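Starting from the given sequences, assemble the full structure and let the hints guide the process.
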Amino acid sequence: MQFTINGRGYEADVDVRTSVLDLCREHLGLTGAKKGCDHGQCGACTVLINGRRVNSCLTLAVMHQQDEITTIEGMGQVGNLHPLQEAFVRHDGYQCGYCTPGQICSAVGMLDEVQKGWPSHVSGNLADPAFDDSEISERMSGNLCRCAAYPNIVDAIREVGRAEPEGRTADEKDAAMVEEVLA
Amino acid sequence: MKIFAYEKADSPEVAVRNIDSDAARFIAGGTNLLDLMKLQVETPTKLVDISRLNLASIDEREDGGLTIGAMVPNSDLAADPRIIAGYEVLCRALLAGASGQLRNKASTGGNLLQRTRCYYFYDTASRCNKRAPGSGCDAIGGTNRILAVLGTSDQCIATHPSDMAVAMRALDAMIVTLKADGDRRRISIHDFYQLPGETPHIETVLERSELITHIELPAPPKGKQAYRKVRDRASYAFALVSVAAVIAVEDGKIASASLAFGGLGPMPWKDAAVEAALVGHAPTDDAFRAAADALLAHAKGYGTNDFKIPLARRALIATLRDLTGA
Numbered sequence: 000m001q002f003t004i005n006g007r008g009y010e011a012d013v014d015v016r017t018s019v020l021d022l023c024r025e026h027l028g029l030t031g032a033k034k035g036c037d038h039g040q041c042g043a044c045t046v047l048i049n050g051r052r053v054n055s056c057l058t059l060a061v062m063h064q065q066d067e068i069t070t071i072e073g074m075g076q077v078g079n080l081h082p083l084q085e086a087f088v089r090h091d092g093y094q095c096g097y098c099t100p101g102q103i104c105s106a107v108g109m110l111d112e113v114q115k116g117w118p119s120h121v122s123g124n125l126a127d128p129a130f131d132d133s134e135i136s137e138r139m140s141g142n143l144c145r146c147a148a149y150p151n152i153v154d155a156i157r158e159v160g161r162a163e164p165e166g167r168t169a170d171e172k173d174a175a176m177v178e179e180v181l182a
Numbered sequence: 000m001k002i003f004a005y006e007k008a009d010s011p012e013v014a015v016r017n018i019d020s021d022a023a024r025f026i027a028g029g030t031n032l033l034d035l036m037k038l039q040v041e042t043p044t045k046l047v048d049i050s051r052l053n054l055a056s057i058d059e060r061e062d063g064g065l066t067i068g069a070m071v072p073n074s075d076l077a078a079d080p081r082i083i084a085g086y087e088v089l090c091r092a093l094l095a096g097a098s099g100q101l102r103n104k105a106s107t108g109g110n111l112l113q114r115t116r117c118y119y120f121y122d123t124a125s126r127c128n129k130r131a132p133g134s135g136c137d138a139i140g141g142t143n144r145i146l147a148v149l150g151t152s153d154q155c156i157a158t159h160p161s162d163m164a165v166a167m168r169a170l171d172a173m174i175v176t177l178k179a180d181g182d183r184r185r186i187s188i189h190d191f192y193q194l195p196g197e198t199p200h201i202e203t204v205l206e207r208s209e210l211i212t213h214i215e216l217p218a219p220p221k222g223k224q225a226y227r228k229v230r231d232r233a234s235y236a237f238a239l240v241s242v243a244a245v246i247a248v249e250d251g252k253i254a255s256a257s258l259a260f261g262g263l264g265p266m267p268w269k270d271a272a273v274e275a276a277l278v279g280h281a282p283t284d285d286a287f288r289a290a291a292d293a294l295l296a297h298a299k300g301y302g303t304n305d306f307k308i309p310l311a312r313r314a315l316i317a318t319l320r321d322l323t324g325a
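Read top to bottom, the protein sequences are chains P and W. Oh and the first sequence: position 179 is 178 in numbering that gives the first Met the number 0, straight run, nothing missing. Oh and the second sequence: position 217 is 216 in numbering that gives the first Met the number 0, straight run, nothing missing.
Keep in mind the hints are simulated off the structure, nothing from the lab. Check each hint, because a few of them may be wrong.
[Said to hold, decoys possible] Simulated pairs of lysine to aspartate or glutamate, EDC-like, Cα-Cα distance not exceeding 16 Å:
#1 W:K221 to W:D171
#2 W:K37 to P:D14
#3 W:K45 to P:D14
#4 W:K252 to W:D284
#5 W:K7 to P:D66
#6 W:K223 to W:E274
#7 W:K299 to W:D153
#8 W:K1 to P:D14
#9 W:K269 to W:D190
#10 W:K269 to W:D171
#11 W:K45 to W:D79
#12 W:K37 to P:D66
#13 P:K115 to W:D79
#14 W:K178 to W:E209
Note that the coordinates shown come from a computational prediction; the quantities given were computed from them, not determined experimentally.
What follows is the structure, encoded as structure tokens:
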């Protein structure tokens with residue numbers, strides 16, 4: 000079978016049962032996307048297919064031979080990070096890092112959905128959704144982080160997505176935490 | 000996962016002809032089917048890929064309604080300006096279901112055919128009459144918190160998991176199909192699903208190779224619309240109880256009402272007695288309580304899901320208050 004991943008052509012001799020995730024990880028050496036639950040519940044495997052975020056564990060490689068697949072390896076490289084990768088580093092949007100490739104691919108897809116004006120479950124006005132922290136949380140609910148780095152993940156995405164901040168900034172939160180510890 | 004033959008269909012006519020045994024399945028988004036295949040709850044010997052069929056548009060009809068291609072992804076349907084403007088209940092129901100990633104993949108036709116998330120259906124070590132007919136039901140007497148209180152049988156108490164289908168029942172959708180012999184059918188969503196009875200493995204009236212090609216919505220209904228979903232998490236969880244409501248109030252009285260419910264039954268639930276308790280009455284708590292009485296007259300709890308009965312009552316009354324300002 001032939002595939003296009005991160006703009007590069009690949010050929011692989013794989014079983015029809017192979018998911019896009021297993022194709023990338025087990026056959027092509029693209030181990031950025033992670034296998035968490037393998038059932039579409041955790042989002043660690045999120046990649047973009049034709050620009051849309053999907054769970055790569057729940058889709059068959061054989062069904063995506065004509066598509067453009069983008070994994071975290073295609074988002075940025077060391078020394079040339081994607082703005083969301085930079086923001087995750089700056090805001091400490093992870094602890095163990097296992098969910099991070101999925102979080103970032105998902106956030107890239109999500110910000111594109113926001114750009115297109117797609118509403119979410121928490122949108123008051125479906126025709127003109129706002130973009131704030133509750134929207135980020137709702138739209139990212141398909142990506143679990145067992146380290147619970149959620150506040151910093153939201154900070155990173157807000158910064159890149161230029162959402163309206165709610166409450167304190169990350170720096171203000173840090174300052175308050177330091178004050179608390181010192182007191 | 001068991002091995003299967005894979006065929007990609009280039010037309011609906013080819014797709015229906017290629018389903019040539021009871022063990023062959025269509026695959027569109029695959030988000031539910033592949034999940035079940037990994038667990039060997041589903042073990043198809045052949046998959047017919049219908050994901051690239053030319054059935055992914057949403058078209059306006061002369062009667063003011065919409066014809067939705069079965070391959071339209073859930074995300075695209077929810078974001079369509081015509082759905083947002085005329086069918087808010089459907090938009091809200093779609094957005095209350097699954098995650099962004101899953102909605103990008105899941106198809107409209109496939110969403111209607113989702114299988115139950117009953118724990119015992121998923122666990123191949125358990126007895127389940129839906130998965131293995133005649134084997135028994137471990138949900139009855141087991142942990143049945145998420146399972147049904149209406150329309151159950153002593154064979155099965157599974158719930159239908161879809162949010163979208165609940166809204167489509169409130170909107171009186173029609174399901175258009177193509178059969179292997181080339182015949183087309185238009186099936187009202189009210190006649191589409193079947194109660195478990197003695198045959199819980201049969202969930203719809205679809206024949207073996209019958210393919211859903213389109214879903215038709217009538218012209219946008221009068222009145223206000225809402226979808227209220229109660230679940231264990233604020234996001235990305237199946238409904239414990241959900242209410243899809245379309246209500247019009249004129250001259251201080253409820254002129255029309257269409258209500259459907261998720262999380263309560265083996266199919267998206269609708270009961271004409273609920274609407275009869277409302278139409279012609281002033282939108283007051285008395286009328287709302289009568290509607291809840293009508294909905295739950297035959298409700299039966301199975302232990303850990305008993306709470307759904309008062310929860311459904313409150314969710315219905317709260318939805319009716321919100322929509323009518325009562």
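Checked hints:
1. W:K221 to W:D171: 13 Å, holds
2. W:K37 to P:D14: 14 Å, holds
3. W:K45 to P:D14: 14 Å, holds
4. W:K252 to W:D284: Status holds; Cα separation ~13 Å.
5. W:K7 to P:D66: 15 Å, holds
6. W:K223 to W:E274: 15 Å, holds
7. W:K299 to W:D153: 11 Å, holds
8. W:K1 to P:D14: 11 Å, holds
9. W:K269 to W:D190: 11 Å, holds
10. W:K269 to W:D171: 10 Å, holds
11. W:K45 to W:D79: 34 Å, violated
12. W:K37 to P:D66: 24 Å, violated
13. P:K115 to W:D79: 11 Å, holds
14. W:K178 to W:E209: The hint holds at about 4 Å.
The structure shown violates the earlier hints numbered 11 and 12.
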